[in-house]
Every structure is written in C-alpha cells, then in structure tokens.
Amino acid sequence: MYKIVAKRELAPKIKSLEICAPEIAEKAQAGQFVILRVDEKGERIPLTLVDWNREKGTITLIFLEIGVSTEKLGMLGVNDAISNIAGPLGNPSEVKHYGSVCVIGGGVGTASAYPIIRAMKEAGNRVVAIVGARTAELLVLEDEVKQVSDELYISTDDGTKGRKGFVSDVLKMLIETGYAFNVVYAIGPSVMMRAVAETTRPFGIKTVVSLNSIMVDGMGMCGACRVTVGGQTRFACVEGPEFDAHKVDFGELLKRQMVYLSEEKIALERLRSGGCGCHE
Amino acid sequence: MLWNVCVAGDVAVMSESGSKPKIQKKSVPIPKQKPEVRKGNFNEVALGYSEAQALEEANRCLQCPKPQCVEGCPVEIEIPAFIKLMKEQNFEAAIKKIKEKNCLPAICGRVCPQEEQCQKFCVLGKAGDPVSIGRLERFLADWERLTGIGNPTKVPPTGKRVAVIGAGPAGLTAAADLTKLGHDVVVLEALHLPGGVLMYGIPEFRLPKSIVQAEADYIEKLGSEIRKDCLVGRTSTIPELLKKGFDAVFIGTGAGLPQFLGVPGENLGGIYSANEFLIRVNLMKAYAFPEYDTPLRIGKHVAVIGGGNVAMDSARSALRLGAEEVCIVYRRSRDELPARREEVENAEEEGIVCRFLATPVRFIGDDKGWVRAMECICMELGSPDESGRRRPIPAKGSEFIMNVDTVIVAIGRTPNPIIQSTTEGLAVTKWRTIVADENGKTSIEGVYAGGDIVTGEATVISAMGAGKKAAKAIHEYLTGTKSSI
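If you read the protein sequences in the order shown, they are chains D and G.
According to the numbering used here, the first sequence holds residues 1153 to 1432 in order.
According to the numbering used here, the second sequence holds residues 4 to 488 in order.
Treat the hints loosely; a few may be bogus.
[Claimed, not checked] Pairs of lysine-lysine residues, derived as DSBU-like cross-links and limited to a Cα-Cα distance of at most 30 Å, are as follows:
| id | chain 1 | residue 1 | chain 2 | residue 2 |
| --- | --- | --- | --- | --- |
| 1 | D | Lys1298 | D | Lys1313 |
| 2 | D | Lys1193 | G | Lys231 |
| 3 | G | Lys212 | D | Lys1193 |
| 4 | D | Lys1208 | G | Lys231 |
| 5 | G | Lys288 | D | Lys1165 |
| 6 | D | Lys1248 | G | Lys42 |
| 7 | G | Lys371 | D | Lys1165 |
| 8 | D | Lys1208 | G | Lys247 |
| 9 | D | Lys1417 | G | Lys42 |
| 10 | D | Lys1208 | G | Lys246 |
| 11 | G | Lys433 | D | Lys1399 |
| 12 | G | Lys371 | D | Lys1399 |
| 13 | G | Lys288 | D | Lys1417 |
| 14 | G | Lys371 | D | Lys1179 |
| 15 | D | Lys1155 | G | Lys224 |
| 16 | G | Lys163 | D | Lys1179 |
| 17 | G | Lys303 | D | Lys1193 |
| 18 | D | Lys1155 | G | Lys288 |
| 19 | D | Lys1155 | G | Lys444 |
| 20 | G | Lys371 | D | Lys1417 |
| 21 | D | Lys1179 | G | Lys231 |
| 22 | D | Lys1324 | D | Lys1273 |
| 23 | G | Lys212 | D | Lys1407 |
| 24 | G | Lys444 | D | Lys1179 |
| 25 | D | Lys1193 | G | Lys288 |
| 26 | D | Lys1179 | G | Lys247 |
| 27 | G | Lys371 | D | Lys1407 |
| 28 | D | Lys1159 | G | Lys224 |
| 29 | G | Lys288 | D | Lys1407 |
| 30 | G | Lys247 | D | Lys1155 |
| 31 | G | Lys212 | D | Lys1155 |
| 32 | G | Lys246 | D | Lys1155 |
| 33 | D | Lys1417 | G | Lys433 |
| 34 | G | Lys212 | D | Lys1417 |
| 35 | D | Lys1417 | D | Lys1165 |
No wet-lab data here; the hints were simulated from the structure.
Note that this is a predicted model, so its numbers are computed, not measured.
Work out the full structure: start from the sequences and follow the hints.
Written as structure tokens, this is what we have:
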C-alpha cells in the first residue's frame, strides 16, 4: 500500500497527490511514468511522474478526473492508501545539452512536461516553455514552470489568459519570428501533439512526443499500447513513451484511445451512482 | 465391478488371500461440468475426484519396483510412494511426500501435461489407460487445502540472502526450496499479484485463482517474502540487488512478450494479443466488469489465431464472455496442434470450431477503426521444419474472407527484455533468452536463471524443474554443501 502524504486541487477536476513510494522516488527520471491500481477492483492505469523527492521518499502525480480510476483516485485524501504503484516505467527523456529547447504542455500534459522542462534547464539548455489549456482556470503549474524555464508563453483556447488559440499557434509564431529550436518536446492530448508535429515538420525541427496510449500491465506484456511509428509497431510502455513526433501515426493512436469510450461511461456512471462498492 | 469400490483395507485382504485382483484398463473418469452449462460460467471445468474415485484410481497403480513414471516427472516426485500412502488412506503423509519435491501440487495436478510426462511412462498405458497421476495429485492437494494446510517447520537460517525475480512457477519453486534450506528469500514480482502466468495467463475455469493465491501463501508461510509492484530492471536492477546485500539472484521472468503476425491492419480496435485478452480477463477480472473497473469488449464473431493451449484458453474465455461464434484459425492441421488434446476436446465440446490450414494475411476495419473482417490464405503442408512439424506453405490464390469483430492473436510469446538490457555482462541469445547451464548458472557469478526466460515458451512444470535445479545450485554456491532436498 502506498500512503498519500499531501493532496492539492490545482484546477477543477485536476488534482495533485504526493505519495510515499521510496523505491520509485529513488529511481525516477524525467519522462517516466508509473502504473497505478487504486484499489482491489481497480484498473491498472499509467500516470506520468511529475515530481519526486528522494530524501522524503515521495513521488507526485497530477491527474485530470476523466474516468472511473482517476475519479476514484481523486476521492482519496491524505493518509489514504493506493493499492499498487509500479515504476518508474518507460524510458527516461533523452536529456542532454541541445542548446535551445522548446517544451510544450497542453492541458494536464503541462504537469507531465514540467519534469522535462526542469531537466532540460538543468542540463544547460535555454528552455522556452509553452503551456496551454482550454480556459484560464484549467492552467496548471504555471508558477513552477516559470521558475525552471527561461521564457514562458501561455495560450488558452478561449483567450481568457495569454494568447487566444492553441499552443501550436504560439510555437509557429516563435519559429517564424526567429527562434531556432534544436528540439521541441510536446506532451498533451493526441490532437495537440499532432498539431505540434505538423507545425515543426516543414521546418525540419526534431520533435518528440510522449504518447498516452491505453496500457494494462505497462511492462511490455499486453501490447494494448501498440502504436505505429515509422511504419513499425512499437510498444509505448517499454519502447517509449517518447517517440519521434514526425513518424507517429496519430490517426491510429486516436482511434485506439477511443476503444473503450462506452465502457468508460458505464463504469463512471456506476461509480457516481454510489456503486463503487463502498456503500454495498 | 466390485474392485471399483474397494478401499485400501479390502486390497490387503484380497492380496493376502492370494487372488490377484484384476486391474481396470480404463482410468476413473474425472467429473466435469457439462459443456452446455460450463460455457456460460468461469467456474472450474474439471471438478476433481471424490475420495472414493481417488482411491479407486490409486488402486490401479501396480507399485512397480522400478517405476518409469518418476523419470517422466521434471521435479522427480516419488509417485509410487505417494500413491502407496494414498492407498493406505494416509492422505496427510501422501501430500507431504509430494511436497518434498513439489511445492505447487494443486497447480501441477491441474495444468501439467501429464500425458507427455509421468503418465506417458506408466506401464498400464501399454494396454489401457495409464494411472491418472495428475488427478491423484490434485485430489491430495485439494484435500489438504480444504482440511487446512499445516504450518511448515522452519529451519535454522544460513544468513544468506537470495533475490528471486518473478513469482511465477520457476520463481516460486526456487523460492520455496531456498527457504526450506534456510536462506532468506525475497521474491520480487512486477505485477500486483503473485503467480505469473498462473495468475494472468491460465483462466479461472482451468486453474482457479484462489488456488494460485493459496499456493503463493504457502510459499510465504514457508518464510519467503513476496514483494509486489517491483519490476527488476526499472524499480531496481540486478547489480543494485547484489550491491544491496543479496548474495545470489535467481531470474525467473518467463516469456511474457506477445508476438504479433505483422500483417496489415493488426492495430485495429478489437484485435488483442492473447496476453492482453487473458490479462484483462484473469488478472483484472474484466469478466466481472463493471464491478471490477477493467473493461473488455468482445464481439459476436471471434477468431483466435494459433493452436496452442493459450489459443484454447482464449477461445474458451471468449465463449464464456458471450461471443456467439468462436473459431480457432490454425495454419497447420489437427495433427500438429500444440495444445493438450484434453484442452482441444474441452474446447470443441463447448462448441468452438477449428479452421485448420489457414492464416490471416490482413485485417479489414470500419471507419471507426474497429476490425470487421480478415482475409486469410489457405496453407498446404510441406516437409518438416526444425521443430519436426510439417511446414505450412501458402496456397496461391486461395484467399478467403472471414467476418469477425474480435481477433485474439495467440501465436506465442517471447522473453521480456528489460532485465537483459539493464544487466551488464549477462549473456543473452539472439532470441533474447538468457544463457544458463543445466543448473541455471548464468554468465554472472551468483546470478542464476531458469524457466521460459532460458528455454523460451514451455510448460509450467518444466519451469518448476528449472527453479528446483537452480535452487540446488544456488545452495551449493552459497554454502559449499550439497542440497538436502
């Protein structure tokens, strides 16, 4: 069991949990994730490692309550425990001195981008961060990102904060005004990552995306997370989660992510109507 | 037929009187759930012998002075000895006899391919059915579980620590033996439950998960610690384990990586690896969705690609999950099916259809990315290949379309590469299996390996045999003395 030591609500339906998991904290690196099972009847779901404290032996996870597992997770409070957390999983980001780096976070993906921004900065890069959300109140970790980046740009779909539009619009503007990025990282919804990939493609800028495909074990056993990259089937959990954005078949990824949409709805309705088992 | 209801006492009387009883040629059949009933539930198909049936079957054993059956057992259970105790109705001593060599009898009694091992060598098999050794083993293990497993006696500690990686058949066996020899054993399991393939792979109706859990609990009772959520290679590495005070390491990580066909359309929705399908069903209990959170969508027309036990398990699970039609598509013919005959019979009794000599060449999806059909090609059998089975050759122009909305690809599994890629100096073959000698010794001092990670995909009992051998070798390495078990 993994005890929750701190909990914060960052935005409506976006929560942050600090959890006691010393073995994972000791090994965590930017770009890696954990597989978590909330309770004995829970699914195994992947969540990116947002932060870790090796001295305290804690890890921080940030998530949007979007399905039955994340809603259940959101119901837990300080001193509650999570049944299982395995990690750190996946390959770490390729952090090195590139020169000029742009890291983009969309929605709750900003939380996943944060450790990469920090690591890139620590590796001596000049880091430009672009973070976006649908609307101002859904922006997360703005101050944290500001502290570890050289420049921060914000966009919202509705223009309630920063530039009105998408993060990819901001990226395009920066490139066109002369920013010469050696590498661009993008983490967020698949449509957003695809838009970033299409923005950088004509300029030939190396672009990396962290894929959020459906996973079960997260250790290479099931193949649920398989994605087509450069015409080849790859497993996001053990061969990723980061891939060359220009080679990813986003169309296929988007379809594969929707496979269980109707079941998600059933499970969520059951949870919300009190059918989680706690009241039985 | 009097003999059929004889108990041990009667045997003695009859023997003393000098009239040699006639041995039944046929083994006592095991009661099973009826096909039309069992295809609608996940309960165990084979119900196990009653005490009377078990004794009747035990009494068929001739107690050969030079038993061949033992030679067929990868863990060398003293088969005639345990059957003799059984005949005497001393079930407690009989199960103890088995447990001297095999710490997972309830599992082996159910899933070992006895027809290829111990029973293959039984002399009764020459003129009738061999003794159903597996069913007797199962009876005793179940008898013990139901009457309460006693606490094993603890042995004085050697002060040596061993890390066992993977709580599957190889790892649990190695852990049990090493613990019995007095070593301090920690089993590191990546998943949230112990058992490996026994838990995530083999379905409930063939091996109830409560039994796997009970066997794992027994290993913990012996004194091993099973630590879950620990993926060696990520959470910690073998060099780190050795540095942190473990004196030896056993790798039993199995063959858990699914193989795909590599044909167009294979990433469409509704196409699962057998591993994904079975993990969702067995480990995550998707059959009880939404009580359990993990979903699994199963269509009406299911095709399972492959002909092994995993294919049979997948097909029978799909049927139980509500598929109207389940078809096994195998590229060779019935004679080459790698699955146990018993499992093929069970599957066909339940209404599963086999389509031999065919393989998919592409999958066709709808606009939502869901599989709707597959194009197959017919095969002809050529001359035998390296495996000794006749090689399938595609017949030109024989393509045909099958309408399917779910496909389960069960064409084999390969070793998980995480340990190999994070352990410097560990010798690996081109198939990514770990190089180990017959005692499990790898290229790194103090590091041993056994089971599917060394041999490639094989059986539960062969993995257990490898775990046993490695435990012996590790004991010798740690203490310089021969193992007593």
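Here is how each hint holds up against the structure:
no.	hint	in the structure
1	D:Lys1298 / D:Lys1313	holds, 15 Å
2	D:Lys1193 / G:Lys231	holds, 16 Å
3	G:Lys212 / D:Lys1193	holds, 15 Å
4	D:Lys1208 / G:Lys231	holds, 21 Å
5	G:Lys288 / D:Lys1165	holds, 28 Å
6	D:Lys1248 / G:Lys42	violated, 56 Å
7	G:Lys371 / D:Lys1165	holds, 29 Å
8	D:Lys1208 / G:Lys247	holds, 20 Å
9	D:Lys1417 / G:Lys42	holds, 28 Å
10	D:Lys1208 / G:Lys246	holds, 22 Å
11	G:Lys433 / D:Lys1399	holds, 28 Å
12	G:Lys371 / D:Lys1399	holds, 22 Å
13	G:Lys288 / D:Lys1417	holds, 18 Å
14	G:Lys371 / D:Lys1179	violated, 40 Å
15	D:Lys1155 / G:Lys224	holds, 26 Å
16	G:Lys163 / D:Lys1179	holds, 26 Å
17	G:Lys303 / D:Lys1193	holds, 27 Å
18	D:Lys1155 / G:Lys288	holds, 25 Å
19	D:Lys1155 / G:Lys444	violated, 39 Å
20	G:Lys371 / D:Lys1417	holds, 18 Å
21	D:Lys1179 / G:Lys231	holds, 17 Å
22	D:Lys1324 / D:Lys1273	holds, 22 Å
23	G:Lys212 / D:Lys1407	violated, 34 Å
24	G:Lys444 / D:Lys1179	holds, 28 Å
25	D:Lys1193 / G:Lys288	holds, 8 Å
26	D:Lys1179 / G:Lys247	holds, 15 Å
27	G:Lys371 / D:Lys1407	holds, 7 Å
28	D:Lys1159 / G:Lys224	violated, 37 Å
29	G:Lys288 / D:Lys1407	holds, 25 Å
30	G:Lys247 / D:Lys1155	holds, 25 Å
31	G:Lys212 / D:Lys1155	holds, 27 Å
32	G:Lys246 / D:Lys1155	holds, 28 Å
33	D:Lys1417 / G:Lys433	violated, 45 Å
34	G:Lys212 / D:Lys1417	holds, 29 Å
35	D:Lys1417 / D:Lys1165	holds, 17 Å
Checked against the numbered hints above, the structure violates hints 6, 14, 19, 23, 28 and 33; every other hint is satisfied.
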